[in-house]
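Novice: Each residue of the sequence shown is one higher than the one before, starting from 11 at the first, in this note's numbering.
Everything labelled a hint here was simulated from the structure, so no lab data went into it. Each residue gets a CB set at the ideal place from its N, CA and C atoms; glycine is no exception. Take these hints with a grain of salt, some might be off.
[Stated by the list, open to error] In the BS3-like style, the derived pairs of lysine-lysine whose C-alpha atoms are separated by at most 27 Å in a straight line are:
no.: 1; residue 1: 122; residue 2: 87
no.: 2; residue 1: 122; residue 2: 83
no.: 3; residue 1: 103; residue 2: 121
no.: 4; residue 1: 41; residue 2: 83
no.: 5; residue 1: 102; residue 2: 53
no.: 6; residue 1: 122; residue 2: 63
no.: 7; residue 1: 151; residue 2: 122
no.: 8; residue 1: 49; residue 2: 144
no.: 9; residue 1: 153; residue 2: 103
no.: 10; residue 1: 103; residue 2: 122
no.: 11; residue 1: 122; residue 2: 144
no.: 12; residue 1: 53; residue 2: 103
no.: 13; residue 1: 144; residue 2: 103
no.: 14; residue 1: 63; residue 2: 151
no.: 15; residue 1: 41; residue 2: 144
no.: 16; residue 1: 83; residue 2: 49
no.: 17; residue 1: 41; residue 2: 122
no.: 18; residue 1: 121; residue 2: 87
no.: 19; residue 1: 63; residue 2: 48
no.: 20; residue 1: 121; residue 2: 151
no.: 21; residue 1: 102; residue 2: 83
no.: 22; residue 1: 121; residue 2: 102
no.: 23; residue 1: 41; residue 2: 103
no.: 24; residue 1: 103; residue 2: 87
no.: 25; residue 1: 151; residue 2: 41
[To be verified] Ranges of calculated distance between the beta carbons of each label pair, as one might list FRET restraints:
no.: 26; residue 1: 41; residue 2: 95; range: 19 to 27 Å
no.: 27; residue 1: 31; residue 2: 106; range: 43 to 51 Å
no.: 28; residue 1: 39; residue 2: 112; range: 19 to 27 Å
no.: 29; residue 1: 155; residue 2: 41; range: 14 to 22 Å
no.: 30; residue 1: 86; residue 2: 39; range: 24 to 32 Å
no.: 31; residue 1: 113; residue 2: 52; range: 28 to 36 Å
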Amino acid sequence: MSSTTAAIVYALSPGQANDQPIDYNTTWGQKHYAEATKKLTDKPYEGGPQNLKMFLERLNSRAEESGWSEITKINNKDLLTQYGTITIEDCKKEATSYLALDSNNRLVVNKKAQISAQMLTCIQASINDECALKVVTNGNKFKLEISNGSHTAEIANRPLYLRIFQESPSFKVNSILPLEVTIRTRRLHDKYRLQCHYFQWFREITDGRTKC
């Protein structure tokens with residue numbers, strides 16, 4: 011009597027273990043979904059440049075844990091760290107490679123479509139209404155028209171949602187220059203302002219208008 015043993019797949023996290031669709035009917039599948047989609051932190055991201063790095067760092071960690079890297083890599087670039095070099099059209103083109111309708115006009119369920127859904131749920135749970143409004147009023151749709159020849163449906167794509175959100179002014183400023191350069195520039199600006207205040211104070215002392 012022969013028996014077969016399933017091959018052991020080693021990975022850094024359960025989400026990275028394989029590229030097969032996740033069975034949400036199982037306890038593991040439901041737990042994985044709950045962990046992948048929960049909000050990144052108790053305080054929602056408000057969209058300002060001050061907390062941008064921390065928001066993307068947390069989102070990047072979740073992407074690694076949950077296996078989202080399959081869809082955040084676009085044209086061999088990382089959407090979370092190199093978004094300034096990735097266009098909205100790049101995201102649309104990539105999404106059409108894994109979003110499709112079957113003969114019954116239903117979305118074909120594959121691993122990438124599943125993690126795309128996870129990613130949107132997580133992002134929307136982690137931002138406030140002001141941030142969400144930026145996507146709605148941006149002018150770009152985060153839903154793609156997918157056709158099987160006889161029927162067309164609009165399917166939401168999560169990397170596209172994030173890229174449209176990144177089109178807001180606070181993201182654009184930081185996507186042009188590395189974050190370290192942006193911080194260094196601000197520090198130099200603050201130092202310049204401090205020097206100006208010092209020279210103004212010194213001038214007033216020498217003119218006799220200010221007492222030490």
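Novice: Note whether the CB distance of residue 39 and residue 112 lies within 19 to 27 Å or breaks it.
Specialist: About 21 Å separates the Cβ atoms of residue 39 and residue 112, which means 19 to 27 Å holds.
Novice: Would you check the hint for residue 41 and residue 103, treating anything up to 27 Å between C-alpha atoms as holding?
Specialist: Answer violated: residue 41 to residue 103 is near 31 Å, above 27 Å.
Novice: Is the straight-line distance between the alpha-carbon of residue 151 and that of residue 122 27 Å or less?
Specialist: holds, 20 Å
Novice: Tell me if the straight-line CA distance from residue 122 to residue 87 falls inside 27 Å.
Specialist: With Cα atoms ~17 Å apart, residue 122 and residue 87 stay inside 27 Å; holds.
Novice: Hey, residue 49 versus residue 144, does the alpha-carbon distance stay inside 27 Å?
Specialist: Status holds; Cα separation ~19 Å.
Novice: For the pair supplied as a hint, residue 121 and residue 87, is the alpha-carbon distance within the 27 Å limit?
Specialist: holds, 20 Å
Novice: For the pair supplied as a hint, residue 122 and residue 144, is the alpha-carbon distance within the 27 Å limit?
Specialist: holds, 25 Å
Novice: Given the hinted pair residue 103 and residue 87, is their Cα-Cα distance within 27 Å?
Specialist: holds, 14 Å
Novice: Are residue 122 and residue 83 close enough, with their CA atoms no more than 27 Å apart?
Specialist: Status holds; Cα separation ~12 Å.
Novice: Would you mind confirming whether the straight-line C-alpha gap from residue 103 to residue 121 stays at or under 27 Å?
Specialist: holds, 18 Å
Novice: Mind checking the hinted window 24 to 32 Å against the Cβ distance between residue 86 and residue 39?
Specialist: holds, 30 Å
Novice: Given the hint that residue 63 pairs with residue 48, does the C-alpha gap stay at or below 27 Å?
Specialist: holds, 19 Å
Checked against the numbered hints above, the structure breaks hints 5, 12, 15, 23, 25, 26, 27, 29, 31 and satisfies the rest.
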